[in-house]
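Make a model of the complete structure from these sequences and hints.
Number of protein chains: 2
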Amino acid sequence: MIRINEHYNQLKPSYLFSDIAKKVEAHQKAHPEVDIIRLGIGDVTQPLPPACVKAFHQGVEALADAASFRGYGPEKGYPFLRDKIAVNEYQSRGMDIDADEIFISDGSKCDTGNFQELFAPDIRVAIPDPVYPVYLDTNIMAGRAGDFDARRFSNIVYLDATRENDFIPQLPPGQVDLIYMCFPNNPTGTTITKSALRLWVEYAVENRALILFDAAYEAFIRDESLPRSIYEIDGAKEVAVEFRSFSKTAGFTGTRCAYTVVPKACKVYDKNGETTGLHGLWNRRQATKFNGVSYPVQRAAEAVYSPEGKVQVTALIDGYLENAAIIRSAMDLLGFDHVGGENSPYIWVDGQGRDSWSFFDLLLEQAGIVCTPGEGFGSCGQGYIRISAFNSRENVEKAMERMARALK
Amino acid sequence: MIRINEHYNQLKPSYLFSDIAKKVEAHQKAHPEVDIIRLGIGDVTQPLPPACVKAFHQGVEALADAASFRGYGPEKGYPFLRDKIAVNEYQSRGMDIDADEIFISDGSKCDTGNFQELFAPDIRVAIPDPVYPVYLDTNIMAGRAGDFDARRFSNIVYLDATRENDFIPQLPPGQVDLIYMCFPNNPTGTTITKSALRLWVEYAVENRALILFDAAYEAFIRDESLPRSIYEIDGAKEVAVEFRSFSKTAGFTGTRCAYTVVPKACKVYDKNGETTGLHGLWNRRQATKFNGVSYPVQRAAEAVYSPEGKVQVTALIDGYLENAAIIRSAMDLLGFDHVGGENSPYIWVDGQGRDSWSFFDLLLEQAGIVCTPGEGFGSCGQGYIRISAFNSRENVEKAMERMARALK
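As given, the protein sequences belong to chains A and B, one line each in that order. Quick note: the first sequence uses this note's numbering, first residue 54, plus one each step. Quick note: the second sequence uses this note's numbering, first residue 54, plus one each step.
Which copy? The list can't say, so a pair holds if one copy fits it or any two copies do.
In silico DSS-like links for lysine-lysine, alpha-carbon gap of 25 Å or less: (1) Lys-76 - Lys-317; (2) Lys-320 - Lys-65; (3) Lys-76 - Lys-451; (4) Lys-65 - Lys-76; (5) Lys-317 - Lys-65.
Treat the hints as calculated values from the structure; they're not laboratory data. Note that this is a predicted model, so its numbers are computed, not measured.
This is how it looks when you write it as structure tokens:
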């Protein structure tokens, strides 16, 4: 008899953003006249940078001719892209990351979801709350979560991000083995300082733990004092994997390209405490279960690092950051406490006593605005909503006007 | 301490095709003058069909304009593609498969590799020998394989394909829960008849087992009496998942698009023997760990079903099938026993007492031809090589001439 992985029964019946999509669809159906503005899922809205479009077309054209045709590419990605990333994102900023330590993929969701496969089922996992739901859900699926007591799982060490700690989790009190971090944070939009991040790296070294550092939003950092990569911290190469994506940087959410850095110096352990290389393990996983990213997509991603591409990407992100500033001002005027939105596309808004989903419903029904209910990111998100700056200037301004009317 | 998934240590240190690539690279380095012809990995060489190229460009262009821009798509794939597949691949051939039962992905390697995640760790798995290495390797990683005794894993039920059974495995003697099948077969190139396939469906129904049917090469079937889909067999919708790909059909190995059919009627069981829907489980897996296929790639795949696309794809496959016929004739002339290559791009050649890797080395060194050593696909592949028809006519003819000289 073909029996299921029972841990799937521990998951909430559907995925947060699918739930939201259904609510929005129902509202639109009931009110077809409403021009709903989406500041929810965190999806970009602006077109691909022209440099990427041009390279994308050239990549397609290469596949149209037998002489330039490309079939299966390297599972790790083409060297032309890995080299550019190594130089532009790391080496030019003083970090000693080699192209061979970079794995191209079709998305950070996949990579952050799949990475836990490499580890024993009984390691102790620390996960922020609130957080991107994929970290927790994939560990539930793998059977690492333990029992659910209506609020939390017994085997997960939750790293609370609350008003009390300025939404930056403190080090866990005991010993954990695998730590998920995300800065600039999704959903709170907060950033971490180098000195605070250094404490986590030191913790990982001392406890022989591994940090999975999700830096999908690093391109939004404009404050030069803030770390854009965990490898800016000495010693991080031995204890941290970093996830990066072109999704939010260059508008690739529908194009699909990301990368993960697994330094060769990064060590994990077998059951006898012997060290083994993490790089080789991830390489084996990817070579077995993944077949590389579409060639034209990798060419489009490469163009992010061309002189024009750099200018265009900066302009794209500047635009979203200006949207974020508009949202922050509007929240100030309306008297809502909030964090984020300064080096991040997300603004985390305190509902002033409102329940997250009620606040979500209110904004949808009274203002035709889609946000994301904070509770969907974890129990510490209760009472908050996440507003995303990913939309056109016009829509953001319209949304803020509508919100002012609805909440005045 | 961050401990690894110890099952990774049960894997062979590297993946078959990576090993081959390294050998070929070393040979090329030592003999830069040799024009190596690759009839190994099963990668296509002909350009994308013009209809796909055109649609691919249009898809890219849509991302260049805010009005037509697409961000995150549905994790299951866009309805425009799922609808076309349902109609053209299934409904028009009398199979009642709905678009909602089709999941678009970036490759059958990923899907066949990931699907086992949905099941309990202690189910009994039947895997053909020889076979595409991904089925076994991903079950090893998941801890289902048991101990290795230098030849085989203790918990795997091997379905031997040998000369004695005309390379079509017989039903397992006892009860198994999950069965991997692949027809037209990789690596042997053999096909299964409807009556033989019916026995497997009946076995699955009787034993409440699930069949994972890999039909990546179905487009090569020209014999109308042979099943192109397992759903041509009555009752299969309750017990079978089917994997299909645009890789070999339309030359998408470097473009990346595939799909998996999970019928809503397909049932699996929880530990109490209660039935549960497999469709919902896979949907949850994909929604959590996958973020959809690049929009322009899905548009390119859709064009496979346009009137021009259909003609072009047929011509593409006809060309490879003619290559296969040339290879079969050459093997006949050289006096090598072989199967496959009639409704398949692969020819499975008996080495006449030669060990697989010796035969591989001989062809590489004496003829500058890359094949795949049969032993890489399992112990029953020992003594065989797989020759692939995926190359240009010119290269195939040249390769056969060289082989004749080397083996005469």
